[in-house]
Amino acid sequence: MLDTTSSKDTISSYIKDTRVGEGTYAVVYVGQHSPSHRRVAIKEIKTIMFKDGLDMSAIREMKYLQELHHVNIINLIDVYYEFENLNLVLEFLPNDLEMLIKDKNLIFSPSDIKSWLLMTLRGIHHCHRNFIIHRDLKPNNLLISPLGILKIADFGLARSFGANPNELFTSNVVTRWYRAPELLFGSCHYTDKIDIWSIGIIFAELMLRTPYLPGLNDLDQLDITFKALGTPTEINWPNVSSLPLYKNLNIYPKPSRDELRRRFLAATENALTLLIKMTELDPSARFNSDQCLLSPYFLEIPHPTPPRNLPKSIKNQEKQ
Amino acid sequence: MVVFKDEKWIDKCPICTTDRYFSPDMKFLVNLECYHRMCESCVDRIFGSGPALCPYQNCGKTLKKRQFKEQIFDDINIEKEVDIRRRVCKIFNKTESDFKKPGEYDLYLEKIEDMVYNLTNEIDVEKTEEELLKYEEANRGLININNDRVKQNLIKFQQKQEMEKNLREQKRKLKEESLLEQQEDELYYEKEVKRKLLDSASDVPAEKIINQLKFEFEQRTEMRKKKLDESIKALTSQLTNSDIEKDKNKKVTTPFTPYDGDKDLEFKFTLNDSYDDFATNNAKNNPAYLAGGWRVEQVYERALQQAFIGIGCFIDEKVVLSSQGIESF
Numbered sequence: 001m002l003d004t005t006s007s008k009d010t011i012s013s014y015i016k017d018t019r020v021g022e023g024t025y026a027v028v029y030v031g032q033h034s035p036s037h038r039r040v041a042i043k044e045i046k047t048i049m050f051k052d053g054l055d056m057s058a059i060r061e062m063k064y065l066q067e068l069h070h071v072n073i074i075n076l077i078d079v080y081y082e083f084e085n086l087n088l089v090l091e092f093l094p095n096d097l098e099m100l101i102k103d104k105n106l107i108f109s110p111s112d113i114k115s116w117l118l119m120t121l122r123g124i125h126h127c128h129r130n131f132i133i134h135r136d137l138k139p140n141n142l143l144i145s146p147l148g149i150l151k152i153a154d155f156g157l158a159r160s161f162g163a164n165p166n167e168l169f170t171s172n173v174v175t176r177w178y179r180a181p182e183l184l185f186g187s188c189h190y191t192d193k194i195d196i197w198s199i200g201i202i203f204a205e206l207m208l209r210t211p212y213l214p215g216l217n218d219l220d221q222l223d224i225t226f227k228a229l230g231t232p233t234e235i236n237w238p239n240v241s242s243l244p245l246y247k248n249l250n251i252y253p254k255p256s257r258d259e260l261r262r263r264f265l266a267a268t269e270n271a272l273t274l275l276i277k278m279t280e281l282d283p284s285a286r287f288n289s290d291q292c293l294l295s296p297y298f299l300e301i302p303h304p305t306p307p308r309n310l311p312k313s314i315k316n317q318e319k320q
Numbered sequence: 001m002v003v004f005k006d007e008k009w010i011d012k013c014p015i016c017t018t019d020r021y022f023s024p025d026m027k028f029l030v031n032l033e034c035y036h037r038m039c040e041s042c043v044d045r046i047f048g049s050g051p052a053l054c055p056y057q058n059c060g061k062t063l064k065k066r067q068f069k070e071q072i073f074d075d076i077n078i079e080k081e082v083d084i085r086r087r088v089c090k091i092f093n094k095t096e097s098d099f100k101k102p103g104e105y106d107l108y109l110e111k112i113e114d115m116v117y118n119l120t121n122e123i124d125v126e127k128t129e130e131e132l133l134k135y136e137e138a139n140r141g142l143i144n145i146n147n148d149r150v151k152q153n154l155i156k157f158q159q160k161q162e163m164e165k166n167l168r169e170q171k172r173k174l175k176e177e178s179l180l181e182q183q184e185d186e187l188y189y190e191k192e193v194k195r196k197l198l199d200s201a202s203d204v205p206a207e208k209i210i211n212q213l214k215f216e217f218e219q220r221t222e223m224r225k226k227k228l229d230e231s232i233k234a235l236t237s238q239l240t241n242s243d244i245e246k247d248k249n250k251k252v253t254t255p256f257t258p259y260d261g262d263k264d265l266e267f268k269f270t271l272n273d274s275y276d277d278f279a280t281n282n283a284k285n286n287p288a289y290l291a292g293g294w295r296v297e298q299v300y301e302r303a304l305q306q307a308f309i310g311i312g313c314f315i316d317e318k319v320v321l322s323s324q325g326i327e328s329f
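Line by line, the protein sequences are chains A and P. UniProt numbering puts the first sequence at residues 1 to 320. UniProt numbering puts the second sequence at residues 1 to 329.
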C-alpha cells in the first residue's frame with residue numbers, strides 16, 4: 001500500500017534523472033529510488049498552473065491506481081509533494097504497444113497477438129470487476145515491461161460506474177480511433193463495454209499492423225466505423241434512435257463473416273468470432289471482459305507466447 | 001492518418017510523380033537488372049517499343065520490358081536478396097540427407113550464404129558468377145534430380161491442402177443436412193400433435209398424447225445429433241495428419257487459466273430480478289439509458305457487491321499467498 005504519511009523520507013529518496021515526456025498536465029521523468037537503485041518513472045503534476053487546485057486527471061489517476069493492484073496494470077509506487085508540485089512515482093516501463101506495432105522490423109506471430117490480447121483483457125477485467133472504466137485504451141497506453149509483461153497505464157480519464165444512475169457521463173472520451181459507437185452517438189449512460197470495443201479495435205490493429213478505423217474527425221469516425229461494420233438500426237441495436245447524435249447517417253450494409261475473413265486473413269475462426277463479438281455495435285450484445293477471457297480462442301493452438309519471449313523493440317533495449 | 005516522412009516516397013512514382021492518392025490502382029514494378037522502381041504506366045511508356053535506357057540518372061543500364069516484375073518487399077535490398085537467393089538455391093539445392101559427415105552440410109550452407117552476400121552487395125560479382133556456372137555444369141544431373149524432389153514435395157503439400165479443404169466442405173454439408181432434417185422434423189412434430197389432438201376417436205388425455213409425441217421427437221433429435229457427431233469423427237480420422245499428432249505431443253504441462261488464477265468464483269448473495277428502488281425506477285426503462293448499454297442489473301450488482309465484498313476473505317491467508325509472489329502465465 002501507499003505510504004504517504006512518511007513524506008519526509010520519501011522526498012529525498014527519489015531522484016529525477018532525465019525528462020522523457022511532457023503532457024498537458026504533467027512532466028514525466030525517468031528517476032531512481034536512491035536506497036534500492038530501482039528505476040522508476042516520476043510524473044510531476046504542474047500544480048501552479050491550476051488556480052482551482054489539482055487537475056482532474058491527476059486526481060483520477062491517483063484515486064484509481066491506489067485501488068488497483070494487478071500484474072497487468074501499472075503500479076503506483078508512491079506519491080510525494082515537493083516544491084509545491086505533486087509527484088506520482090510509477091513503475092518504469094520503457095516500451096509501449098504502439099512502438100512495437102510501428103516497428104516494421106518486428107514480426108508478430110499469432111501467439112504473440114494472443115498473448116498481448118490476453119494480458120490486456122486480464123488487466124481490464126480487474127478494472128471492470130472493481131467498477132472502473134478506463135476510457136482511454138489505445139496501443140500507446142498499453143506499456144510493456146522489460147520482461148515483456150503488458151500493463152495498462154494512464155488512468156487520467158478513468159472513472160467509476162454503476163453506482164448512481166442519474167449521473168451523466170461525458171461522451172467526449174477515448175482517443176477517436178478507438179471510440180465505441182455509443183460514444184460517437186453522444187450517449188451519456190455508457191458502460192464498461194466501451195473499453196471492450198477499444199480492445200477489439202486494438203486486436204484488429206495488431207493483426208493488420210495499421211490502425212483499423214482511422215477517422216479524420218468525429219463525423220468521419222462515424223462514417224468509417226459504419227463503412228467497416230455496417231450502420232446500426234433499431235433492429236440490430238434496440239433504442240439506438242434515442243441517442244442524441246443518431247441522425248443523417250449513410251446506410252452501409254453489415255459485412256458478412258466471409259468478408260471479415262478476407263479482411264483478417266491470418267485470423268482463425270475462433271479469433272474472428274471473438275473479434276466480431278468485441279466490436280459488436282450494440283453494447284448490450286458486445287462481450288464483457290469475462291466472456292472475452294473465456295473465449296475458445298485462448299484455448300486453441302497456438303498457445304499464447306510467454307511474455308519474456310514476445311517481440312521487443314531493439315531501440316529501447318540499448319537505452320537500458 | 002499521419003504520413004511519415006520516410007514513408008512518403010512509397011506511394012509516388014519517382015519518374016512521372018503520379019501519386020497513389022489520385023490513382024489508387026497504380027502498381028510499382030522493379031527490374032532484375034538495377035532494381036530501380038517505377039510505376040506500371042512508365043514501364044509501358046518507356047519500354048513498350050523495345051529495350052531502352054533506365055530513366056534513372058547515372059544508371060545507364062539497358063532494360064527490357066519483360067525483365068520487370070512486381071515489387072513484393074518494401075525494402076529494395078531485401079527484394080534483390082530474395083531474387084538472388086532463389087537463383088542460387090535452384091543450383092545449390094542439396095539437402096541435409098545428401099551429406100554423410102555432419103560438418104559438410106554446414107560448410108555447404110556457408111558457401112551459399114557467401115555467394116548470396118557477394119552477389120547482393122556486388123563484391124567479386126564476376127568471380128562468384130563464374131563459380132556458380134562451373135558448379136552448375138559439373139552437377140547438372142544431381143541438380144535436376146533434387147529439383148524434381150522439391151517439386152514433388154510441393155505437389156504433396158498442395159494435395160494435403162486440397163484434402164483438408166474437401167474435409168471442411170464435407171463437414172459443412174453434413175451439418176447443413178442435419179439442420180434441414182431437424183427443421184423438417186419440427187414441422188412434422190407440430191402437425192402430428194395437432195392431428196392427434198383433433199382425432200376425436202381417441203379418449204386418451206391430451207397431455208399424455210403431447211408428452212408421448214414430445215418424447216419421440218426428443219429421441220429423434222438426440223439420435224440425429226449422435227449420428228452427426230459420429231460421421232464428423234469418422235471424416236476427421238480419415239485424415240491422420242502427422243502435423244496434428246505432433247501438436248498433440250507438444251501439449252503444455254500447465255493448464256491455461258483465463259484469469260491467471262485470480263477470480264472470485266461466486267459471491268455470497270443472489271441477485272433478484274428486480275428491486276423497488278426509487279433511485280433507479282425512472283432510469284430502468286429509459287431508452288436513452290438502454291441504448292448506451294446501461295442495465296439496471298449492474299447497479300443492483302454493484303450495490304450488493306459493495307455490501308458483501310470481503311466476506312469470506314481471510315486477510316492472513318491472502319498475505320501469505322502474496323508474499324510467496326505467486327505468478328503464473
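In short, the hints are calculated from the structure, not lab data. Please note that a few of the clues may not be correct.
[Stated by the list, open to error] If you want the footprint, here are the derived chain A segments under chain P, 3+ residues with CB under 8 Å:
{"hint": "1", "segment": "15-22"}
{"hint": "2", "segment": "35-45"}
[As the list claims (entries may be wrong)] Calculated lysine-lysine pairs in the DSBU-like style (CA-CA distance at most 35 Å, straight line):
{"hint": "3", "chain 1": "A", "residue 1": "Lys254", "chain 2": "P", "residue 2": "Lys284"}
{"hint": "4", "chain 1": "P", "residue 1": "Lys226", "chain 2": "A", "residue 2": "Lys63"}
{"hint": "5", "chain 1": "P", "residue 1": "Lys318", "chain 2": "A", "residue 2": "Lys227"}
{"hint": "6", "chain 1": "A", "residue 1": "Lys104", "chain 2": "A", "residue 2": "Lys227"}
{"hint": "7", "chain 1": "A", "residue 1": "Lys104", "chain 2": "P", "residue 2": "Lys284"}
{"hint": "8", "chain 1": "A", "residue 1": "Lys277", "chain 2": "P", "residue 2": "Lys233"}
{"hint": "9", "chain 1": "P", "residue 1": "Lys284", "chain 2": "A", "residue 2": "Lys63"}
{"hint": "10", "chain 1": "P", "residue 1": "Lys268", "chain 2": "A", "residue 2": "Lys104"}
{"hint": "11", "chain 1": "A", "residue 1": "Lys254", "chain 2": "P", "residue 2": "Lys171"}
{"hint": "12", "chain 1": "A", "residue 1": "Lys104", "chain 2": "P", "residue 2": "Lys173"}
{"hint": "13", "chain 1": "A", "residue 1": "Lys227", "chain 2": "P", "residue 2": "Lys165"}
{"hint": "14", "chain 1": "P", "residue 1": "Lys27", "chain 2": "A", "residue 2": "Lys102"}
{"hint": "15", "chain 1": "P", "residue 1": "Lys27", "chain 2": "A", "residue 2": "Lys227"}
{"hint": "16", "chain 1": "A", "residue 1": "Lys254", "chain 2": "P", "residue 2": "Lys196"}
{"hint": "17", "chain 1": "P", "residue 1": "Lys69", "chain 2": "A", "residue 2": "Lys312"}
{"hint": "18", "chain 1": "P", "residue 1": "Lys225", "chain 2": "A", "residue 2": "Lys254"}
{"hint": "19", "chain 1": "A", "residue 1": "Lys104", "chain 2": "P", "residue 2": "Lys100"}
Note that the coordinates shown come from a computational prediction; the quantities given were computed from them, not determined experimentally. For each residue, glycine too, the CB sits at the ideal point set by N, CA and C.
Hints that the structure is at odds with (numbers, increasing): 1, 2, 4, 5, 7, 10, 12, 16, 19
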